[in-house]
Amino acid sequence: MNEVKTPILEMQGITKRFPGVLANDHVDLELYPGEVLALLGENGAGKSTLMNVLVGLYRPDEGEIYVRGKRAEIHSPKDAAALGIGMVHQNFMLVKTMTVAENIILGMSDLPFVPSMETVGKRITEISKRYNLQVDPNAYIWQLSVGEQQRVEILKLVYRGAEILILDEPTAVLTPQESHELAGVLKVMTDEGKSAIFITHKMEEVMEFSDWVRVLQHGKLVAVRRTQDTSPQELARLMVGREVLFRLDKAACTPTETILELQDVHADDDKGLPALRGLSLTIHGGEIVGIAGVAGNGQRQLSEVVTGLRRVTGGQVFIRRKDMTNQNPLSVIKAGVSHIPADRIGMGAVGNMAVSENLVMKGYREAPIVINGVLRPNRILEFAHKMIEMFRIATPTPQTRIKFLSGGNIQKAILAREIDACDGLLVAVYPSRGLDVGATESVRRMLLAQREEGMGVLLISEDLEELLTIADRIAVMFEGQIMGVVASDDADVETLGLMMAGVKREDLAVEIEDAVSTSTASS
Amino acid sequence: MIISLLTSVLSITLRAGTSLVYATVGEIYTERSGILNLGLEGMMLMGAVTAFATAYYSGSVGLGLVVALAVGAMLAAIHAFLTVTMRANQVVSGLSITLFGSGLASFLGQRLGPVSNNYYLVGMVGPKFTPIRIPWLSKIPVLGALFSQDILTYLVYLLVPLAWFYLYKTREGLNLRAVGENPQTADAMGINVTRTRYLYTVFGGMLAGLGGAHLSLAYTPGWTENLTGGRGWIVIALVIFAMWNPARAILGAILFGGINAVQFRIQAAGTTIPAEFLNMLPYLLTILVLIVMTWWEALSKRIGAPAALGNAYMREDK
Ligand SMILES: Nc1ncnc2c1ncn2[C@@H]1O[C@H](COP(=O)(O)OP(=O)(O)OP(=O)(O)O)[C@@H](O)[C@H]1O
Ligand SMILES: [Mg+2]
Numbered sequence: 001m002n003e004v005k006t007p008i009l010e011m012q013g014i015t016k017r018f019p020g021v022l023a024n025d026h027v028d029l030e031l032y033p034g035e036v037l038a039l040l041g042e043n044g045a046g047k048s049t050l051m052n053v054l055v056g057l058y059r060p061d062e063g064e065i066y067v068r069g070k071r072a073e074i075h076s077p078k079d080a081a082a083l084g085i086g087m088v089h090q091n092f093m094l095v096k097t098m099t100v101a102e103n104i105i106l107g108m109s110d111l112p113f114v115p116s117m118e119t120v121g122k123r124i125t126e127i128s129k130r131y132n133l134q135v136d137p138n139a140y141i142w143q144l145s146v147g148e149q150q151r152v153e154i155l156k157l158v159y160r161g162a163e164i165l166i167l168d169e170p171t172a173v174l175t176p177q178e179s180h181e182l183a184g185v186l187k188v189m190t191d192e193g194k195s196a197i198f199i200t201h202k203m204e205e206v207m208e209f210s211d212w213v214r215v216l217q218h219g220k221l222v223a224v225r226r227t228q229d230t231s232p233q234e235l236a237r238l239m240v241g242r243e244v245l246f247r248l249d250k251a252a253c254t255p256t257e258t259i260l261e262l263q264d265v266h267a268d269d270d271k272g273l274p275a276l277r278g279l280s281l282t283i284h285g286g287e288i289v290g291i292a293g294v295a296g297n298g299q300r301q302l303s304e305v306v307t308g309l310r311r312v313t314g315g316q317v318f319i320r321r322k323d324m325t326n327q328n329p330l331s332v333i334k335a336g337v338s339h340i341p342a343d344r345i346g347m348g349a350v351g352n353m354a355v356s357e358n359l360v361m362k363g364y365r366e367a368p369i370v371i372n373g374v375l376r377p378n379r380i381l382e383f384a385h386k387m388i389e390m391f392r393i394a395t396p397t398p399q400t401r402i403k404f405l406s407g408g409n410i411q412k413a414i415l416a417r418e419i420d421a422c423d424g425l426l427v428a429v430y431p432s433r434g435l436d437v438g439a440t441e442s443v444r445r446m447l448l449a450q451r452e453e454g455m456g457v458l459l460i461s462e463d464l465e466e467l468l469t470i471a472d473r474i475a476v477m478f479e480g481q482i483m484g485v486v487a488s489d490d491a492d493v494e495t496l497g498l499m500m501a502g503v504k505r506e507d508l509a510v511e512i513e514d515a516v517s518t519s520t521a522s523s
Numbered sequence: 001m002i003i004s005l006l007t008s009v010l011s012i013t014l015r016a017g018t019s020l021v022y023a024t025v026g027e028i029y030t031e032r033s034g035i036l037n038l039g040l041e042g043m044m045l046m047g048a049v050t051a052f053a054t055a056y057y058s059g060s061v062g063l064g065l066v067v068a069l070a071v072g073a074m075l076a077a078i079h080a081f082l083t084v085t086m087r088a089n090q091v092v093s094g095l096s097i098t099l100f101g102s103g104l105a106s107f108l109g110q111r112l113g114p115v116s117n118n119y120y121l122v123g124m125v126g127p128k129f130t131p132i133r134i135p136w137l138s139k140i141p142v143l144g145a146l147f148s149q150d151i152l153t154y155l156v157y158l159l160v161p162l163a164w165f166y167l168y169k170t171r172e173g174l175n176l177r178a179v180g181e182n183p184q185t186a187d188a189m190g191i192n193v194t195r196t197r198y199l200y201t202v203f204g205g206m207l208a209g210l211g212g213a214h215l216s217l218a219y220t221p222g223w224t225e226n227l228t229g230g231r232g233w234i235v236i237a238l239v240i241f242a243m244w245n246p247a248r249a250i251l252g253a254i255l256f257g258g259i260n261a262v263q264f265r266i267q268a269a270g271t272t273i274p275a276e277f278l279n280m281l282p283y284l285l286t287i288l289v290l291i292v293m294t295w296w297e298a299l300s301k302r303i304g305a306p307a308a309l310g311n312a313y314m315r316e317d318k
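Residue numbers (our numbering), protein chains in the order written: chain C, 1 to 523; chain X, 1 to 318.
Excised from the complex, chain C in its bound form (with noise of 0.2 Å):
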């Protein structure tokens, strides 16, 4: 069996430009038959462009693309559709208000006029069973948590048949179980002798998922390997053009002063159903304190209501020894808390505003940025540069809408901006998700250098990696309570893993030896 396989998928010459930046630059691209194929690159590699060329969202400027060895001529998605190819997107393309099976039917036209809804149902529940992608078709999408929307872009494919499917960082918001899950998915496909071209900053992804890599580099192609032949390190060395250190240095921790200091705090959800049921923590100047725990579980309410963006129903907050309890969050930002959303077009950064605009957005109101209530352009711009040079932020130009940056860059300016504003503690959440190794690196390191300045630092990452590696002590949070906080020296993935699934850290010696005494029991 050594016979030359064709591609089902050529992009030759690929070059896409915006105003000021080329996005794409000559790049070729291959993809075989039952294949999986690794796309890597630094963020603003050019990476969603290429993609979102191929579906037929963006126009190239030059180049030309073969499917089936037939020259395509792709102008909008529906084209795509029917060559058999298929996206996921960056950001979900989902309609909250509309159920999965609507979503999933949207604008297919070989559908009749009436649609049975009970048979587009039949179908999906088929699909769901085939490929293990749990999900009620009559849900609304806005009752789905993040994983499951998940399942319904990849359903959409599958229901419309692609036999070229684009994931486009498909894991960046999931729980590692739910990658692994998807893992499996993908194995199924690729086995029925579907295609995949696959985006990630993960590593070990990589090396699991994919066949062969390719890796972007300022919009060009650099390098093209086999997977089994390549390693995560010359992976990360292409893609940044530089060695980059998976461990890094940390001094010891130096905990000073109390900065934050929870008490019983209580509050609920937008539903109005409980999420934090008399939670309590402390963090102390020069330290990171990582909140470990299942998505899900309080910690967006918990990062809230440390910013004064929730109003607790209980319990009281404190801000060195300040009593700080439902504060308004300019008081707060004022006591010297710094807040990297989760969400960060929607609560970091305001898309149509220019980058230097979103990085004065804490300290406009202050001189020298402003004098006598009138804005000052030029100190504005003067502060930009600085930000913009000091934390490396890629973009065309200080004045350039922020949302037309690429997701890593937009999380850097947020973070210029926090770590310039921050004055006692930070909170961070999920501050590396969909930032590629270099970024990951770059973010880590600003956090830590946070700590060594003795600011306290709120960690809630769903990355245990993270955690162990730059947090200090690590609160595992389970159903709006903290079930155990240990130090990340002492602590390992599966004492974490046991409390994120609600073992409280007083009752897991009893466990493991509860375990230990059964398994020897059933022997």
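Please keep in mind that the hints were generated in silico from the structure rather than gathered at the bench.
As a list, the in silico DSSO-like pairs of lysine-lysine whose alpha-carbon atoms are at most 27 Å apart:
| # | chain 1 | residue 1 | chain 2 | residue 2 |
| --- | --- | --- | --- | --- |
| 1 | C | K129 | C | K187 |
| 2 | X | K169 | C | K122 |
| 3 | C | K187 | C | K122 |
| 4 | C | K220 | C | K202 |
| 5 | C | K96 | X | K169 |
| 6 | C | K403 | C | K220 |
| 7 | C | K334 | C | K386 |
| 8 | X | K169 | C | K78 |
What you are looking at is a predicted structure, and each value in this text was computed from that prediction instead of being measured.
Following the hints, position chain X with the ligands against chain C.
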């Protein structure tokens, strides 16, 4: 006595509400595609004056309707071009069309009339839609009023369920709702956002023209300055009251039409309350009921305006 009173109130309610249902259903469709059309008042006035002038000279009310549909479509196409293609601000474009339409309608009313009336259309009597009594059904006490209406009102009985069915049960209705909620997603799913927005904006304009024609050819036959009396604005409010659901459009129209009918009866009975105050009542009460109802609904359910209402969409603009 009481029976005949109720019959007449119901009858006037239906007749007063007809133009509103047309325009409301149309605007619901337009807004569902993400386009806010504040040009309704102008489109209704233009529909009314052109329909009446056409019917007056041709003697055909049918031809009057056709012209009103075409005029509404044309004005709406301008709105669609400005807001979808040129990506102009929808509020500004809509307001301009209302100003333009009202002015032009008033101008035409002073130029299209016969020489004998100094070119004025005001005061002329032309052909009109007359009520068609349906045998047997129209004899039922009170409810018989439902079956002694003009043809345009009968069409409303069909339009509302059809509009509801199309929006919620058909493939095209699904696509339309998606465009108004999330045009990025709709586009990625292969729906032509531009085409959809043009189509339903023009459709909404046609229904507004038709609503205007019902005023000048059936409800108060003839042409007077400002014939619509601000109904185009009431419709914008009724769309919110209807929660963008065509089936509920009828409730709003009945509300406004009903208060109107009662107010007519009070005036006819002779009272000391100034007529101006009574004329104001339907507007005032409609707004009040609207505020209370919408507030209550918004609190209890997760429905509201189409999420992308008022936003222009362009592909490569993130
Ligand atoms: N619609 C757009 N208009 C203007 N510039 C854009 C647009 N889309 C992307 N860009 C720019 O093109 C470059 C490539 O962006 P792209 O989103 O393809 O990066 P990416 O490799 O997917 O990054 P990430 O890992 O952060 O998702 C970036 O500099 C970005 O700012
Ligand atoms: Mg991307």
